[in-house]
Amino acid sequence: DVKVTQSSRYLVKRTGEKVFLECVQDMDHENMFWYRQDPGLGLRLIYFSYDVKMKEKGDIPEGYSVSREKKERFSLILESASTNQTSMYLCASSPGQIGHNSPLHFGNGTRLTVT
Amino acid sequence: AQKITQTQPGMFVQEKEAVTLDCTYDTSDQSYGLFWYKQPSSGEMIFLIYQGSYDEQNATEGRYSLNFQKARKSANLVISASQLGDSAMYFCAMREGPDYKLSFGAGTTVTVRA
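Chains as they are written, first to last, in this note's numbering: chain R, 25 to 139; chain H, 11 to 124.
Derived by calculation from the structure, the hints in this document are not laboratory data.
Careful, some of the hints might be misleading.
To be verified - Calculated pairs, BS3-like style, for lysine-lysine (alpha carbon to alpha carbon, straight line, at most 30 Å):
| no. | chain 1 | residue 1 | chain 2 | residue 2 |
| --- | --- | --- | --- | --- |
| 1 | R | Lys-27 | H | Lys-13 |
| 2 | H | Lys-111 | R | Lys-94 |
| 3 | R | Lys-79 | H | Lys-13 |
| 4 | R | Lys-79 | R | Lys-27 |
| 5 | R | Lys-79 | H | Lys-111 |
| 6 | R | Lys-37 | H | Lys-111 |
| 7 | H | Lys-111 | R | Lys-77 |
| 8 | H | Lys-111 | R | Lys-42 |
| 9 | H | Lys-26 | R | Lys-81 |
Said to hold, decoys possible - What follows is a set of in silico ranges between Cβ atoms, one per label pair, in the way DEER data are often shown:
| no. | chain 1 | residue 1 | chain 2 | residue 2 | range |
| --- | --- | --- | --- | --- | --- |
| 10 | R | Ser-91 | H | Thr-30 | 40 to 50 Å |
| 11 | H | Leu-94 | R | Ser-91 | 41 to 51 Å |
| 12 | H | Pro-50 | R | Asp-62 | 36 to 46 Å |
| 13 | R | Arg-33 | H | Thr-121 | 19 to 29 Å |
| 14 | H | Pro-108 | R | Pro-85 | 18 to 28 Å |
| 15 | R | Pro-85 | H | Gly-107 | 13 to 23 Å |
| 16 | H | Pro-19 | R | Pro-119 | 27 to 37 Å |
| 17 | H | Glu-25 | R | Glu-86 | 41 to 51 Å |
| 18 | H | Glu-54 | R | Pro-119 | 14 to 24 Å |
From the three backbone atoms N, C-alpha and C, an ideal C-beta is built for every residue, glycine too.
The following block holds chain R by itself, in its conformation from the complex (with noise of 0.2 Å):
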């Protein structure tokens, strides 16, 4: 089974700190996924990557980046956090050079609250 794992199940952090959500997959997949949850938006894209070193900015990069260094892990970087990136981030992972029909597998969920 593919096992996608993030660092830290809750977060509590302080307006302006610099913080890091890590994801790691242990299945060799070359895709991986940041989104974050809010209700009543379901889950939004805010980077990806298909390949080690390689970024793309999904539809709500503005306050985040993004590190991937190794095939295996994504991590997502809040530069300055604010009281509107409290939300549950989800990072996904799946395999590339394939179709359509190969699903997002999705870690348990970092739920992040910014005071």
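Assemble chain H onto chain R, guided by the hints.
Chain H in isolation, oriented as in the chain R frame:
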């Protein structure tokens, strides 16, 4: 523009009955894929079922089936014989063209009553 629309924020269903969750999508690509995920209160995202745009038959996986109407751009999820464990949030999602990323709808909360 919203790519995936789920118009039902919440639904109640009686145990053992069937429930249909609506999903409409918007794309200009001829090749796309549609996915449904379940998210129980524990928060994990569980993949349920997939339908490709070129698939001629509606997808089925156990008690889950997908009512795919391409001309209407709808991909409704049908859960038959509902169980208490089906109580969860359900998300419809789409992958377009050569992209691997998914666009998600706002979700529908299903509550199964005994």
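Now for the hints, and whether the structure bears them out:
1. R:Lys-27 with H:Lys-13: 29 Å, holds
2. H:Lys-111 with R:Lys-94: 20 Å, holds
3. R:Lys-79 with H:Lys-13: Holds, because 22 Å separates the two Cα atoms, which is no more than 30 Å.
4. R:Lys-79 with R:Lys-27: 21 Å, holds
5. R:Lys-79 with H:Lys-111: Holds, at about 13 Å.
6. R:Lys-37 with H:Lys-111: Holds - the C-alpha atoms of Lys-111 of chain H and Lys-37 of chain R are around 29 Å apart, at most 30 Å.
7. H:Lys-111 with R:Lys-77: 17 Å, holds
8. H:Lys-111 with R:Lys-42: Measuring from Cα to Cα gives roughly 27 Å; hence the hint holds.
9. H:Lys-26 with R:Lys-81: Distance ~44 Å between Lys-26 of chain H and Lys-81 of chain R Cα, so the pair is violated.
10. R:Ser-91 with H:Thr-30: 40 to 50 Å: 42 Å, holds
11. H:Leu-94 with R:Ser-91: 41 to 51 Å: 42 Å, holds
12. H:Pro-50 with R:Asp-62: 36 to 46 Å: 18 Å, violated
13. R:Arg-33 with H:Thr-121: 19 to 29 Å: 25 Å, holds
14. H:Pro-108 with R:Pro-85: 18 to 28 Å: Once the Cβ atoms are compared, 21 Å apart, the range 18 to 28 Å for Pro-85 of chain R and Pro-108 of chain H holds.
15. R:Pro-85 with H:Gly-107: 13 to 23 Å: 21 Å, holds
16. H:Pro-19 with R:Pro-119: 27 to 37 Å: Distance hint for Pro-19 of chain H, Pro-119 of chain R holds at roughly 33 Å.
17. H:Glu-25 with R:Glu-86: 41 to 51 Å: At roughly 44 Å between Cβ atoms, Glu-86 of chain R and Glu-25 of chain H fall inside 41 to 51 Å, so the hint holds.
18. H:Glu-54 with R:Pro-119: 14 to 24 Å: 20 Å, holds
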